[in-house]
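A.B. asks: Each chain, letter by letter, is given below.
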Amino acid sequence: MINLAKKDISHTLGKFIVTAMGVGMLLGIVLIMIGVYRGMLVDAEALLKDLSVDVWVVQENTLGPFADASRVPEDLKNTLLAIDGVDKTAALTFQNIQIPTPTKPLRVVALGFDPFGDINAISKERLIKGRGLKRSHYEVVVSDNLGFELGESMNLGRNIYKVVGITHGTVSSGGDPLIYISLKDAQELQFLYSNARIRNDRARGLKGGDAHMVNTIVATIKSGYDVDKVAASIKRWKHKSVYTADEQKDILTKNLIERASKQIGLFTAILVVVSTIIIALIIYTMTLEKMKEISIMKLIGIPNSIIIKMIVQETLLLGFLAFIFGNAFSHLIYSKFPKRVVLELPDAWMLFIVVIIASILSSFIGVKKVISADPAAAIGG
Amino acid sequence: MSKKQSIKVQNLVKSFGSGDSRVDIIDGASFEVNKGELVALIAPSGAGKTTLLMMIGCVEEPTSGTIWLGDEKVYENKWLTKETRKIRREKIGFIFQAHYLIPFLNVIENVTLVPQTNGLSTEESEKKAMELLDYFDIGDKAHAKPSELSGGQNQRVAIARALANTPEIILADEPTAALDMERSVGVVKMLKRIAIEQNVAVIMVTHDEAMLPLCDRILKIENKKVISSVVPKGSHLL
Ligand SMILES: Nc1ncnc2c1ncn2[C@@H]1O[C@H](COP(=O)(O)OP(=O)(O)OP(=O)(O)O)[C@@H](O)[C@H]1O
Ligand SMILES: [Mg+2]
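Chains as they are written, first to last, in my numbering: chain A, 8 to 388; chain B, 347 to 584.
No lab work stands behind these hints, which were simulated from the structure alone. Computed from a predicted structure; not experimentally measured. All C-beta atoms, glycine included, are put in the ideal place defined by N, C-alpha and C. Among the hints, a few may not be true.
[What the hints assert, rightly or not] DSS-like, lysine-lysine: derived pairs with alpha carbons at most 27 Å apart:
id	chain 1	residue 1	chain 2	residue 2
1	A	Lys376	B	Lys428
2	B	Lys491	A	Lys376
3	A	Lys13	B	Lys432
4	A	Lys299	A	Lys316
[To be verified] Cβ pair distances, simulated, as ranges:
id	chain 1	residue 1	chain 2	residue 2	range
5	A	Lys13	B	Ala490	13 to 23 Å
6	B	Glu418	A	Leu324	33 to 43 Å
7	A	Lys316	B	Ala556	42 to 52 Å
8	A	Lys22	B	Thr427	34 to 44 Å
9	A	Ile364	B	Glu469	31 to 41 Å
10	B	Ser496	A	Glu351	36 to 46 Å
11	B	Gly365	A	Leu288	33 to 43 Å
Hey, can you work out the whole structure from these sequences and the hints?
C.D. replies: This is the structure we're talking about:
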């Protein structure tokens with residue numbers, strides 16, 4: 008039996024492919040949007056994974072240090088060690104700062120940690136050039152995407168810092184590039200004010216900033232101890248908010264990027280609906296263009312089933328091709344995005360199912376036109 | 347219905363619209379067409395020739411009356427089968443003024459589409475189609491698209507298509523209107539030959555009086571009825 012869909016498509020192949028490419032680009036954008044969302048999730052957890060600590064101790068009743076501002080005294084890192092089960096501790100600071108990169112000023116997150124402490128915040132796998140911090144002042148380790156070379160210097164606050172190491176793939180929970188500086192430098196940047204501000208504050212009778220504050224104390228737990236139990240006892244004794252790594256992950260993925268993901272989710276949903284409508288419109292016009300032929304076929308006695316098969320096959324093929332183009336398109340352009348885009352196979356499969364369902368629904372419109380076509384119309388006019 | 351008859355129409359009525367706007371086009375037409383007979387259907391424009399052909403062809407539903415096609419009574423005040431399209435593709439070949447070939451199918455696919463739908467294998471239907479195309483002298487165009495053929499060539503393909511399902515009845519609506527005199531005569535002679543060789547009943551609508559002498563009989567729509575008459579004798583074309 009002659010396959011009508013195949014014949015019709017090869018008769019207008021160029022047009023069909025261009026149409027499929029157009030729809031495919033739309034689907035590609037849907038995939039990118041989903042990828043942006045996945046990228047946010049990955050970014051949110053990247054820093055947590057790099058640090059791989061068990062508990063986060065932050066200011067009481069806050070969701071710090073990422074979702075809330077948090078201040079805790081630095082020496083808490085020593086007193087925590089007295090609690091049964093706590094293995095190592097470290098004091099960390101996180102702050103958004105603007106740095107002068109070789110091309111333009113960029114907003115980055117600076118992670119401050121004690122280079123001589125028990126926990127090294129720079130994971131070895133991430134360090135691709137140079138070394139970690141070895142002095143307590145004026146050294147910086149930067150992400151490779153900032154464009155610095157080893158040995159270059161940059162101005163931060165009142166001082167000049169030297170780039171001693173370069174990491175790859177390190178991002179803040181918000182997807183911004185990360186730099187690492189020593190805790191002392193970080194405290195100076197974060198908690199010490201400019202001379203003018205200090206003079207001003209003194210004049211108003213305020214005490215100068217307390218440099219011995221940090222944003223969080225992180226700790227690892229000795230093996231054999233239950234993380235939740237140790238976290239509970241820290242909470243009880245120290246009157247701080249304590250989060251296990253899993254809880255911190257929840258805070259980051261749920262609280263912090265929830266709204267962003269809703270935004271992206273809604274946008275993606277709208278795009279999917281628009282794609283469906285466009286596929287439906289294309290099928291409708293493709294069917295309309297063939298009304299004359301459909302009438303002739305009905306007139307010479309071709310049953311509806313054969314004509315409907317043609318419409319449905321063409322629709323499915325269009326959807327399938329568009330899906331392939333969409334995937335190719337998204338893989339071509341995803342690396343051009345400034346923040347992480349993660350394309351995952353399950354998402355592509357889900358979109359595939361959505362596209363096929365959309366195609367089947369759209370083909371109903373064509374099928375309706377086929378059934379209502381008047382065979383006598385073929386010879387009218 | 348006698349063995350000779352292929353089409354038998356009794357008391358056929360067709361009207362469009364209803365109430366005050368009701369227009370009767372055919373009102374009580376009765377006639378027969380025999381197997382092997384080429385009959386011309388003539389009437390002024392708008393008299394209902396196409397409408398009558400479409401009713402016999404089970405495309406347009408009559409208002410009332412009876413239609414027999416071969417041994418089968420297909421209409422008696424209503425269609426007697428749900429599958430009028432099956433009757434069309436199995437018993438009837440249609441030819442029109444324009445060729446109405448499917449543009450995205452090549453010549454041989456256009457000719458084999460209906461036979462294959464009727465269950466004939468690809469090889470069998472293509473063999474038969476090639477015979478028909480050779481018969482009409484367009485075998486070398488079997489794999490060309492209709493857009494690559496001349497009007498006359500396409501019309502011959504359309505006739506081959508109408509014959510491909512070995513129909514009992516051929517309904518031709520002004521098949522020669524778009525052709526020059528020489529080709530018109532060729533097509534009508536072809537229809538006559540098919541009628542005789544394949545024992546098919548052919549009704550051909552025509553406005554061209556020069557074609558009448560080639561036909562066996564003339565059916566004329568007059569006063570919304572169909573009357574039969576013999577062909578005028580002594581034409582130079584015979
Ligand atoms: N669907 C319809 N609704 C209403 N009136 C119709 C319809 N189809 C045909 N008619 C009318 O029926 C009449 C007969 O039309 P038909 O096409 O059968 O004429 P015809 O004899 O084939 O004319 P021509 O020689 O111009 O082809 C015309 O007056 C036409 O207006
Ligand atoms: Mg007509």
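A.B. asks: Hint by hint, say whether it matches the structure.
C.D. replies: Taking the hints in turn, this is what the structure says about them:
no.: 1; hint: Lys376/A <-> Lys428/B; result: 20 Å, holds
no.: 2; hint: Lys491/B <-> Lys376/A; result: 26 Å, holds
no.: 3; hint: Lys13/A <-> Lys432/B; result: 24 Å, holds
no.: 4; hint: Lys299/A <-> Lys316/A; result: 17 Å, holds
no.: 5; hint: Lys13/A <-> Ala490/B: 13 to 23 Å; result: 18 Å, holds
no.: 6; hint: Glu418/B <-> Leu324/A: 33 to 43 Å; result: 40 Å, holds
no.: 7; hint: Lys316/A <-> Ala556/B: 42 to 52 Å; result: 45 Å, holds
no.: 8; hint: Lys22/A <-> Thr427/B: 34 to 44 Å; result: 40 Å, holds
no.: 9; hint: Ile364/A <-> Glu469/B: 31 to 41 Å; result: 39 Å, holds
no.: 10; hint: Ser496/B <-> Glu351/A: 36 to 46 Å; result: 57 Å, violated
no.: 11; hint: Gly365/B <-> Leu288/A: 33 to 43 Å; result: 39 Å, holds
Consistency note: the structure conflicts with earlier hint 10 alone.
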